[in-house]
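Just so you know, the sequences run in chain order G and C.
Throughout the first sequence, residue numbering follows UniProt numbering, covering 1 to 448 in sequence.
Throughout the second sequence, residue numbering follows UniProt numbering, covering 1 to 309 in sequence.
Since the hints were made in silico from the structure, they are not lab data.
Think of the CB as a built atom: it goes at the ideal place given N, C-alpha and C, for glycine as much as any other residue.
Any given hint could turn out to be false.
Unchecked claim - Stretch by stretch, here's where chain G covers chain C in the computed footprint (C-beta under 8 Å, at least three residues):
hint: 1; segment: 100-108
hint: 2; segment: 135-149
hint: 3; segment: 202-209
hint: 4; segment: 251-264
hint: 5; segment: 267-277
Said to hold, decoys possible - Heads up, simulated EDC-like pairs for lysine to aspartate or glutamate below, C-alpha to C-alpha not over 20 Å straight-line:
hint: 6; chain 1: G; residue 1: Lys448; chain 2: C; residue 2: Glu82
hint: 7; chain 1: G; residue 1: Lys47; chain 2: G; residue 2: Asp438
hint: 8; chain 1: C; residue 1: Lys68; chain 2: G; residue 2: Glu130
hint: 9; chain 1: C; residue 1: Lys85; chain 2: G; residue 2: Asp438
hint: 10; chain 1: G; residue 1: Lys448; chain 2: C; residue 2: Glu25
hint: 11; chain 1: G; residue 1: Lys430; chain 2: C; residue 2: Glu82
hint: 12; chain 1: G; residue 1: Lys448; chain 2: C; residue 2: Glu208
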Amino acid sequence: MISKKFLFLSLILVFTVLISVACSSGNSSTEPKEPTDPPTETGEAWKEWKGEITIWDGPRWRDAAENQYHWLEAKAAEFEDLYPGVKVKIVQTPWAEMGDSLSVAIAGRAWPDIAPVDISGSAVSINHIESGVIEAIDPFFTAEELADFYPNALAEYEYNGKHYGVPNSMSVHVMLLNLDIFEEKGVEPPANGKWTYDEFVKKMEALTGDGVYGFSTYILDGYYEAWPFLLMDGGYPLNEDLTEYAFDSPEAISGLQKLVDLKTKYNVAPFEMGGPDVGQTWQEWGNAERRSLAVTPWATWAIAAAQGDNFKTNFMVAEYPSGKLGESVSIGGVGGWVMFAQQDDNKKRMTAEFVKHISSTDEQFVMSQNYGTFPARISTADLDPFADNPEMARAQEITEQAVMLPRHPEWARIDEAIQRELQLALNGEKTAEQALSDARRVVESILK
Amino acid sequence: MEVGTSHNVVTKKKPSSKLKNTWKEMKKHKVAYLFLLPKLLFFAIFMLVPIVWAFVLSFLDYGIFEIKWVGLAHYFTAFQSEIFKASLWNTFLYTIVTVPAFIITALVIATLISPLGKVSQTFFRSAFYLPTVTSMVIIAMVWRWMYNYRYGLFNYIIGWFGFEPVNWLGASDTALPSLMIMSILIPPGSGIIIYLAAMNNISPTLYEAAKIDGANAFQRWYKITIPLLTQTTLYLVILSTIGSFQVFTQIIMMTGGGPGYSTETIVHVIYKTAFRDFNFGLASAQSVILFFIIMVFAIFQFKIFRDKN
Numbered sequence: 001m002i003s004k005k006f007l008f009l010s011l012i013l014v015f016t017v018l019i020s021v022a023c024s025s026g027n028s029s030t031e032p033k034e035p036t037d038p039p040t041e042t043g044e045a046w047k048e049w050k051g052e053i054t055i056w057d058g059p060r061w062r063d064a065a066e067n068q069y070h071w072l073e074a075k076a077a078e079f080e081d082l083y084p085g086v087k088v089k090i091v092q093t094p095w096a097e098m099g100d101s102l103s104v105a106i107a108g109r110a111w112p113d114i115a116p117v118d119i120s121g122s123a124v125s126i127n128h129i130e131s132g133v134i135e136a137i138d139p140f141f142t143a144e145e146l147a148d149f150y151p152n153a154l155a156e157y158e159y160n161g162k163h164y165g166v167p168n169s170m171s172v173h174v175m176l177l178n179l180d181i182f183e184e185k186g187v188e189p190p191a192n193g194k195w196t197y198d199e200f201v202k203k204m205e206a207l208t209g210d211g212v213y214g215f216s217t218y219i220l221d222g223y224y225e226a227w228p229f230l231l232m233d234g235g236y237p238l239n240e241d242l243t244e245y246a247f248d249s250p251e252a253i254s255g256l257q258k259l260v261d262l263k264t265k266y267n268v269a270p271f272e273m274g275g276p277d278v279g280q281t282w283q284e285w286g287n288a289e290r291r292s293l294a295v296t297p298w299a300t301w302a303i304a305a306a307q308g309d310n311f312k313t314n315f316m317v318a319e320y321p322s323g324k325l326g327e328s329v330s331i332g333g334v335g336g337w338v339m340f341a342q343q344d345d346n347k348k349r350m351t352a353e354f355v356k357h358i359s360s361t362d363e364q365f366v367m368s369q370n371y372g373t374f375p376a377r378i379s380t381a382d383l384d385p386f387a388d389n390p391e392m393a394r395a396q397e398i399t400e401q402a403v404m405l406p407r408h409p410e411w412a413r414i415d416e417a418i419q420r421e422l423q424l425a426l427n428g429e430k431t432a433e434q435a436l437s438d439a440r441r442v443v444e445s446i447l448k
Numbered sequence: 001m002e003v004g005t006s007h008n009v010v011t012k013k014k015p016s017s018k019l020k021n022t023w024k025e026m027k028k029h030k031v032a033y034l035f036l037l038p039k040l041l042f043f044a045i046f047m048l049v050p051i052v053w054a055f056v057l058s059f060l061d062y063g064i065f066e067i068k069w070v071g072l073a074h075y076f077t078a079f080q081s082e083i084f085k086a087s088l089w090n091t092f093l094y095t096i097v098t099v100p101a102f103i104i105t106a107l108v109i110a111t112l113i114s115p116l117g118k119v120s121q122t123f124f125r126s127a128f129y130l131p132t133v134t135s136m137v138i139i140a141m142v143w144r145w146m147y148n149y150r151y152g153l154f155n156y157i158i159g160w161f162g163f164e165p166v167n168w169l170g171a172s173d174t175a176l177p178s179l180m181i182m183s184i185l186i187p188p189g190s191g192i193i194i195y196l197a198a199m200n201n202i203s204p205t206l207y208e209a210a211k212i213d214g215a216n217a218f219q220r221w222y223k224i225t226i227p228l229l230t231q232t233t234l235y236l237v238i239l240s241t242i243g244s245f246q247v248f249t250q251i252i253m254m255t256g257g258g259p260g261y262s263t264e265t266i267v268h269v270i271y272k273t274a275f276r277d278f279n280f281g282l283a284s285a286q287s288v289i290l291f292f293i294i295m296v297f298a299i300f301q302f303k304i305f306r307d308k309n
């Protein structure tokens, strides 16, 4: 009995401590609530700053020694020569882990100074801008320098009139056509890579058979390869001011129905289309030994991959088929360098200088040629980095059709609600209309 | 009620005297407690503090720079969320199917191994324990291939018998059962090892006496082995219940919680709430709910097994 009382008293004590700790934390603020202000004028003092700048980056193209970080290492060495006393520390982070690692680092307030971030992704979002985790880059760029970026690329990093990242590359989703399969089946690829939905279906039907499928793709949170089908008749997930769900419009339903029909009505897609297996889809399209898919949509990194040695493929780039809008629609993304909150103004200025160093016209040219991305700088595009790469040049034309995803702070949750319903529609468990209508309830609760 | 030492009357011992006794005991064995101190410190820093902090966080809106007291709001939000409720249900189903399967499989395999000689026992112990030390990521990748609609082993096998292929992980009604099957078919290495150790500690004289009394093999197993393993079973049931309630790697590797929300589990939801949505307060409230669910299950299991004992 006594031990029970002792236990009870201890529990009360623990909870009293907890509640008092919790209450004492109420409404307290350990750091500024608003995004940090531009740095005070530091003159030339920043050039004398000495210390370490930490940058995270993922693997990029290989050099002769198979090193996939050689480009950034060379840039860091150059910068250290320019500013003796500055050390650039590169943290090699696989792309697949970048989002989670950044999330954990931000949660622990132990972020790097610079990281590569697609602002529409979930690792870094508008919420972080609002809470002051990300520095505005405007104080470090002249109006003339900012004017050298494509406005749509810059706009992705804009919030409340300030820019919270330096756009470094643009990407777009395109259709990749395995020309060997087209040839084997005696099917002509679409002229200039353009086709309507009906023409697309006919070609997919001609390509399907003997263990080969015309088309397939996957549905997964944060992946948008299938989404241009939903947009082809004029659908869009949210209304213009991002306050209402709009993906259950007749236009969006008709777009989803067209995607579902490829599997259920025309039988040109395998049964597993709509599942989450990204790797299998790639293997079936690009691996010579497992080749059984003629056409799949991918983001443009896949063009460089299909031109590399591991998955060398005879392919061409095509547009998504056009629907009721009369022209093809794609989904684009913008990657860039983001500078995280800094305490020291001189370090902030030096860090910004390094960001400028790695996102210059020349560096974006190098990136375009070697890494399969499109430059975010107009001056780089003027250098014509794809003069000898017709597939990338073709994909660059498709960027003009790119629609950006809604920049809603809760987009990751909205995206999940929609993608989960898309999975059910492609499984045949719900009709297109039911799936997109059912997503409304969850999305509306998020938008409230 | 205890008999008092003075005046020979029945008195109630005061809590302070109990504390004093505890303190006396600790002083008496101070060397032992000194050796335990590093471990206790590690426990306090890396277990107790995070658990207490999670409780505190569940009452706060914990922004990266701003902390705000919100009381029970996160708990209301959690219970109003359809996704969280679905995850609770899925996790519960997963647990009530996989835990008994784990226990029964471990018990049966351990029973079959236990009469063998030392060398054979060691071989089977290693064989069954090997999957336990293999990363769940690797196991999940292999099983994802086995469940593949077109190339997977399972559809290949059922194809021999003329059955249509099954969309194991791709359909709402088969995805969760597929994950359960996977958990059931992975050999319960740790359970087998623990059961074997406990079985080897049962005195052979009990079996000999039962044999003389005419008990057959099944009766000896049912009437002697199982009752004497009650404490071990309790330990394994609680451990595997905790493990099942915390199922995560399989989900993130194989289904991502889909299709729809058919394989969404509590820990996967907590993970997304914390590290995707950065809502640490809500994630903590969800964790506290999970903690209480596991606690209730553990108390319930303790009670059942104690009564049986």
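Given the hint that Lys85/C pairs with Asp438/G, does the C-alpha gap stay at or below 20 Å?
Satisfied, since the Cα-Cα distance of roughly 17 Å is no more than 20 Å.
Are there three or more residues in the segment 135-149 of chain C whose C-beta lies within less than 8 Å of some C-beta in chain G?
With 3 residues closer than 8 Å to chain G, the segment 135-149 of chain C meets the three-residue bar; holds.
Sort out whether Asp438/G lies within 20 Å of Lys47/G, counting only the CA atoms.
violated (57 Å)
Between the segment 267-277 of chain C and chain G, are there enough contacts, at least three residues with CB-CB distance under 8 Å, for the coverage claim to hold?
holds (count 5)
How does the segment 202-209 of chain C fare against chain G when you require at least three residues with a CB closer than 8 Å, holds or violated?
violated (count 0)
Distance restraint between Lys448/G and Glu25/C, which requires alpha-carbon spacing of 20 Å or less:
violated (59 Å)
Proposed proximity, Glu130/G with Lys68/C (alpha carbon, max 20 Å)
holds (16 Å)
Run the distance test for Lys430/G versus Glu82/C: straight-line Cα separation, threshold 20 Å.
With a Cα-Cα distance of about 18 Å, the restraint between Lys430/G and Glu82/C holds, given a limit of 20 Å.
Check of the segment 100-108 of chain C against chain G for coverage (Cβ-Cβ below 8 Å, three residues minimum)
With 0 residues close enough to chain G, the hint is violated.
Per-stretch coverage check for the segment 251-264 of chain C, three Cβ contacts closer than 8 Å to chain G
It holds: at least three residues are needed, and the segment 251-264 of chain C offers 7 whose Cβ sits within less than 8 Å of chain G.
Quickly compare the C-alpha distance for Lys448/G and Glu208/C to 20 Å and report which way the hint goes.
Violated - the C-alpha atoms of Glu208/C and Lys448/G are around 72 Å apart, more than 20 Å.
Would you mind confirming whether the straight-line C-alpha gap from Lys448/G to Glu82/C stays at or under 20 Å?
Answer holds: Lys448/G to Glu82/C is near 15 Å, not above 20 Å.
Consistency with the previously given hints fails for numbers 1, 3, 7, 10 and 12, ordered from lowest to highest.
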